[in-house]
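Visitor: Going down the list, the protein sequences come from chains A and B.
Each residue of the first sequence is one higher than the one before, counting from 1 in the numbering used here.
Each residue of the second sequence is one higher than the one before, counting from 1 in the numbering used here.
In case anyone wonders, no lab produced these hints; they're calculated from the structure.
Each hint should be verified, as a subset may be incorrect.
Using 27 Å as the maximum straight-line C-alpha spacing, the simulated DSSO-like pairs for lysine-lysine come out as follows [said to hold, decoys possible]:
hint	chain 1	residue 1	chain 2	residue 2
1	A	Lys57	A	Lys18
2	B	Lys55	B	Lys70
3	B	Lys101	B	Lys78
4	B	Lys78	A	Lys31
5	B	Lys101	B	Lys73
6	B	Lys55	B	Lys111
7	B	Lys111	B	Lys78
8	B	Lys111	A	Lys31
9	A	Lys57	B	Lys111
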Amino acid sequence: EADIYQTPRYLVIGTGKKITLECSQTMGHDKMYWYQQDPGMELHLIHYSYGVNSTEKGDLSSESTVSRIRTEHFPLTLESARPSHTSQYLCASSELRASGDNEQFFGPGTRLTVL
Amino acid sequence: AQTVTQSQPEMSVQEAETVTLSCTYDTSESDYYLFWYKQPPSRQMILVIRQEAYKQQNATENRFSVNFQKAAKSFSLKISDSQLGDAAMYFCAYETSGTYKYIFGTGTRLKVLA
């Protein structure tokens, strides 16, 4: 399995709480991503980073924020969780291959439930 | 904008048989990459196979192969000699060269019957 880690794996919290989902990778990849995935559904890109101090919003609007202070670390924060934030959040990192494509390696995901 | 379509929400295959999962995409780009990812239940998503659009030869990885039809914008995955461990969600993904971002299809759930 890829060396990319997410904590916690499962989180159940009440509405209005601030939460941070952690993502770390030990592969030295410059690019990192956050996806939101409802059960059995497609992945939607919500944030990405091409390197330290670089963050961009993805294709799906999200109330979450991210930071990239260190290459290996890409945490996602929700300032005030709501039931609509209930979902699975997948973190990924990637390296540019010699062939020019960009293989992404995925973490195990955090399943978030907001009551 | 690019789109990826997987028209089969669920497929079943008998163990040791062959199954083909469909994927079509739409793009006006000429330089891009296509991927199939596997997401087993409660396990990490992993890359199964990749295809460079500029290569006419279909990619193969052991029991997994693709049928890449560039003009038809079709990218199907064939799994031969299906095994119980192949049961998973399979996602087709597209990347325009240089964007470093994927567009995923909605996925196909593959069941392998013993």
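Visitor: State for each hint whether it applies.
Guide: Outcome of the hint check:
1. A distance of roughly 20 Å separates the Cα atoms of lysine 57/A and lysine 18/A; the hinted pair therefore holds under the 27 Å criterion.
2. A C-alpha spacing of about 10 Å is found between lysine 55/B and lysine 70/B, which places the hinted pair at or below 27 Å, so the restraint holds.
3. This hinted pair checks out: lysine 101/B and lysine 78/B have alpha carbons roughly 25 Å apart, not beyond 27 Å.
4. Between lysine 78/B and lysine 31/A, the direct Cα distance comes to roughly 30 Å. Violation of the 27 Å bound is thereby established for this hinted pair.
5. For a cut-off of 27 Å, the pair hint linking lysine 101/B to lysine 73/B stands: about 19 Å separates their Cα positions.
6. Taking the CA atoms of lysine 55/B and lysine 111/B, the gap is near 31 Å; set against the 27 Å cutoff, the hint is violated.
7. Proximity of lysine 111/B to lysine 78/B is assessed by CA-CA distance (about 14 Å); at most 27 Å being required, the pair is judged to hold.
8. A hinted pair counts as satisfied when its Cα atoms are at most 27 Å apart, and lysine 111/B with lysine 31/A does not qualify at roughly 33 Å.
9. Proposed proximity of lysine 57/A and lysine 111/B is contradicted: the alpha carbons are some 35 Å apart, above 27 Å.
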